[in-house]
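Each chain is listed here by its residues.
2 protein chains.
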Amino acid sequence: MKADAATRAAELSEAAVAGDRLALARLLTAVENRTAVAEAALRRLYPTAGRAHLVGITGPPGSGKSTLVAALIAEVRKGGRTVAVIAVDPSSPITGGALLGDRVRMQAYAGDDAVFIRSMASRGHAGGLASTSTAAAAVLDAAGFDLILIETVGTGQSEVEVAAAADTTVVLEAPEMGDEVQAIKAGLLEVADLVVVNKGDKPGAQRTAAQLRAMLVATAPRDGNDDRPRPKRPEVLITTAATGDGVPELLAALDRHRAVGRAGESSAARSARAEAQVFAIVAERLRQWLGDPAHADTTASVLAEVAGHRLDPYSAADRLLGEVRSE
Amino acid sequence: MKADAATRAAELSEAAVAGDRLALARLLTAVENRTAVAEAALRRLYPTAGRAHLVGITGPPGSGKSTLVAALIAEVRKGGRTVAVIAVDPSSPITGGALLGDRVRMQAYAGDDAVFIRSMASRGHAGGLASTSTAAAAVLDAAGFDLILIETVGTGQSEVEVAAAADTTVVLEAPEMGDEVQAIKAGLLEVADLVVVNKGDKPGAQRTAAQLRAMLVATAPRDGNDDRPRPKRPEVLITTAATGDGVPELLAALDRHRAVGRAGESSAARSARAEAQVFAIVAERLRQWLGDPAHADTTASVLAEVAGHRLDPYSAADRLLGEVRSE
Numbered sequence: 032m033k034a035d036a037a038t039r040a041a042e043l044s045e046a047a048v049a050g051d052r053l054a055l056a057r058l059l060t061a062v063e064n065r066t067a068v069a070e071a072a073l074r075r076l077y078p079t080a081g082r083a084h085l086v087g088i089t090g091p092p093g094s095g096k097s098t099l100v101a102a103l104i105a106e107v108r109k110g111g112r113t114v115a116v117i118a119v120d121p122s123s124p125i126t127g128g129a130l131l132g133d134r135v136r137m138q139a140y141a142g143d144d145a146v147f148i149r150s151m152a153s154r155g156h157a158g159g160l161a162s163t164s165t166a167a168a169a170v171l172d173a174a175g176f177d178l179i180l181i182e183t184v185g186t187g188q189s190e191v192e193v194a195a196a197a198d199t200t201v202v203l204e205a206p207e208m209g210d211e212v213q214a215i216k217a218g219l220l221e222v223a224d225l226v227v228v229n230k231g232d233k234p235g236a237q238r239t240a241a242q243l244r245a246m247l248v249a250t251a252p253r254d255g256n257d258d259r260p261r262p263k264r265p266e267v268l269i270t271t272a273a274t275g276d277g278v279p280e281l282l283a284a285l286d287r288h289r290a291v292g293r294a295g296e297s298s299a300a301r302s303a304r305a306e307a308q309v310f311a312i313v314a315e316r317l318r319q320w321l322g323d324p325a326h327a328d329t330t331a332s333v334l335a336e337v338a339g340h341r342l343d344p345y346s347a348a349d350r351l352l353g354e355v356r357s358e
Numbered sequence: 032m033k034a035d036a037a038t039r040a041a042e043l044s045e046a047a048v049a050g051d052r053l054a055l056a057r058l059l060t061a062v063e064n065r066t067a068v069a070e071a072a073l074r075r076l077y078p079t080a081g082r083a084h085l086v087g088i089t090g091p092p093g094s095g096k097s098t099l100v101a102a103l104i105a106e107v108r109k110g111g112r113t114v115a116v117i118a119v120d121p122s123s124p125i126t127g128g129a130l131l132g133d134r135v136r137m138q139a140y141a142g143d144d145a146v147f148i149r150s151m152a153s154r155g156h157a158g159g160l161a162s163t164s165t166a167a168a169a170v171l172d173a174a175g176f177d178l179i180l181i182e183t184v185g186t187g188q189s190e191v192e193v194a195a196a197a198d199t200t201v202v203l204e205a206p207e208m209g210d211e212v213q214a215i216k217a218g219l220l221e222v223a224d225l226v227v228v229n230k231g232d233k234p235g236a237q238r239t240a241a242q243l244r245a246m247l248v249a250t251a252p253r254d255g256n257d258d259r260p261r262p263k264r265p266e267v268l269i270t271t272a273a274t275g276d277g278v279p280e281l282l283a284a285l286d287r288h289r290a291v292g293r294a295g296e297s298s299a300a301r302s303a304r305a306e307a308q309v310f311a312i313v314a315e316r317l318r319q320w321l322g323d324p325a326h327a328d329t330t331a332s333v334l335a336e337v338a339g340h341r342l343d344p345y346s347a348a349d350r351l352l353g354e355v356r357s358e
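In the order they appear, the protein sequences are chains A and B.
Numbering-wise (our numbering), the first sequence opens with residue 32 and increments by one.
Numbering-wise (our numbering), the second sequence opens with residue 32 and increments by one.
Watch out, some of these pointers could steer you wrong.
Quick look at which bits of chain A chain B covers, simulated, 3 or more residues with Cβ under 8 Å [as the list claims (entries may be wrong)]:
no., region
1, 78 to 86
2, 338 to 351
Which stretches of chain A does chain B cover? Using the computed rule of at least three CB atoms under 8 Å from a CB of chain B, they are [as the list claims (entries may be wrong)]:
no., region
3, 176 to 188
4, 300 to 307
5, 311 to 317
6, 326 to 335
Don't read these hints as lab results, they were simulated from the structure.
The beta carbon of each residue, even a glycine, is placed where N, CA and C say it ideally should be.
Start from the sequences and build out the full structure, keeping to the hints where you can.
Here it is, written out as C-alpha cells:
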C-alpha cells in the first residue's frame, strides 16, 4: 500500500471520528470505490467499531421504507441518541440519488450533527453490495453513531442480504399489495426479526397484520437448516410512518431485540458479516492478482477460451488457481 | 472428483442431450446445488454449448414479465424453434414456485418437448445467482434449445445482472408506475438492448413509450465508462402480452439484435459471462479449501477475531491468502 494512502486515511479517519462530517462522507466514498485509502482507514477503524446497533430495514417498493426511516430518526433523536442511515438506492449510479419526497423530508436534519444520511448505489460494487455496506457501517460505527439504519429494497438477492446481515432485520409490508408482491413477501419473511405493517391508517392494515401473524405461526419454529438461529418468531407491529403512529413502539421493539441479541443471536449476525467481508476481500485480492501485468495475459487467454467454449469454466478456474499457488 | 459423480454426470448429460427431460431437470437441480455431478457435467457439456440465443427479460414487479414470456414462447413455437425458460423466482426457496396464474398459463406446454420451463430460486446460491444461471443456460444450450429466455425481477442487483449477462437484454415497463418505480426504471434502462412497454392496451402506453424514447435520447450515446459496448440506443417497442399484440415484432427485434450481435457486441456479453463464471468458481474453490479440515481451525479463528473486532478484515484476508499461497 502506498504511504500517501495511509497518511490520507489516517487524516480522514481521525477527522471523521472527531466529528468532521465532510471527512466522514469522503471516507464513505472511498469505501464505495474500494480505494487504497478505504482499506487503510478500515484497518485503523475496524478495531474501534462494534458498539453500534445495526438495523436492516427492507420491504417491497411502495411499503414506505424511507418514510419509516425518517420517522425512526425523529424518534431516536427524541431519546438523545445518534443515528446514521445507509440508504441502498434502487436507482442508477448515473441518474443517482434518493427520491425527491424523501430528500425533502431528510433535509430537516441537515443541521443536526447527530444524524447522518448516506445514499449508496445498489449496482457496480466490485466486492459485492453486502461487503461494501458492512464496511460502510463499520466506518459509521467507529465514528460513534448509536444506531445505524440500513435501508434496502426487498426485491433483490443482494439487497435482502444486506438487510439480513444487520443485528436486527425489520421487514416492512403495506396493506393490500398485489399477487407478485405476495410471492416476494414470503421470501422476505424468512429474514425478519421484526415485521412491520406500515400505512396502518389504510383499510386492511389489521387484516394484513393478522395474515402475517398466521403465516409466521405456520412457518415457525424453524428447523436446523437455517444458519441464523431464530429464538422465537418475529413480532408483528403496525405503524403509520407518515404520522408517527406506532413508531415509539417500533423503536422499543428494536431495543428489546438488541438487548436479547447481545446474549446470543447477534453474534451469529456478526460472524456472518465478518465472513462475508473477509471472503469478499480474498476474492478481490485474487482478482487483482490475476489482472496484474505479470498474469494478465494468461488470465485473458484462459477467459477467451471459455468465452469461445473451447475450455470449460472449471478447468479454467483450476488453471488460474494453479497460477496463484505456483508463484 | 469422485468417479461415481463423473459416471452419473456422463449418464445424465448424454440423456439430457438426447432429449430426456427428466435427466435435464436433474442436471439443472445439480447445477443449482453446485454438486460434483454438476461440475463433471458442465466440464463435458460446456464445449458443445454456445449456439443458443440467450435473452434476458427483466422489469419491475407488475410489468407483466411472465405473461410476456408465455406470449414469446407461443410466437417462437409458431416459427418451429425450440425454447427454454429460466425463471428466477422472487419468492422463497421454501415457499417456492411461480405465481398461480403463470403456472396455469405455462401448463399449456406441458406436453410440448420443444418447450422447457425451469424456476430457480433467487436466493441461496453459494456461487452467486449470475454464475448459477449462466451454468444452467449452458446446460440448456448444450441440450439444443434455440432460444433461452432468462426472466428476472428488475429490482435487485443480482437479478438485473443475470438479465444483463444475456446476449440480448429486454427491459420491460408498464404504463403509469409510481415514484419509486420510476427511480428503478432509470437504473434498469442502462442494461437494455430493447425496451418494451407492456400492457399496451392501457391508457398511457404511448405516452410512456414516448417518455422512454426521450430518456434514451438524453442518455445515449454512452461514454467509454461502460464495459459493454452499445452500438446504438435501444429500440422501444409496445406489446400487449395478454393478447399477443406486438409480440411478433418483439421476436423479430430479438432476432435482429442477435444477428447484429454475432458480429460484435454479443462477444462482449460472452466474455463477461465467462469471466463471472470462472471467478465465481475460483472464489468457491478457495472457500472450500479454507473450510477443509486441514485449514478450518485457522479460518474459524481468524473469522472469530474479525467478528470480535480484534482484527480488521483486510489483515484477516491477507492471513488467509498467506495460508493458500504457502501450502
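Verification of the supplied hints:
| no. | hint | verdict |
| --- | --- | --- |
| 1 | 78 to 86 | holds (count 4) |
| 2 | 338 to 351 | holds (count 13) |
| 3 | 176 to 188 | holds (count 4) |
| 4 | 300 to 307 | holds (count 5) |
| 5 | 311 to 317 | holds (count 5) |
| 6 | 326 to 335 | holds (count 3) |
Of the hints listed earlier, there is not a single one the structure fails to meet.
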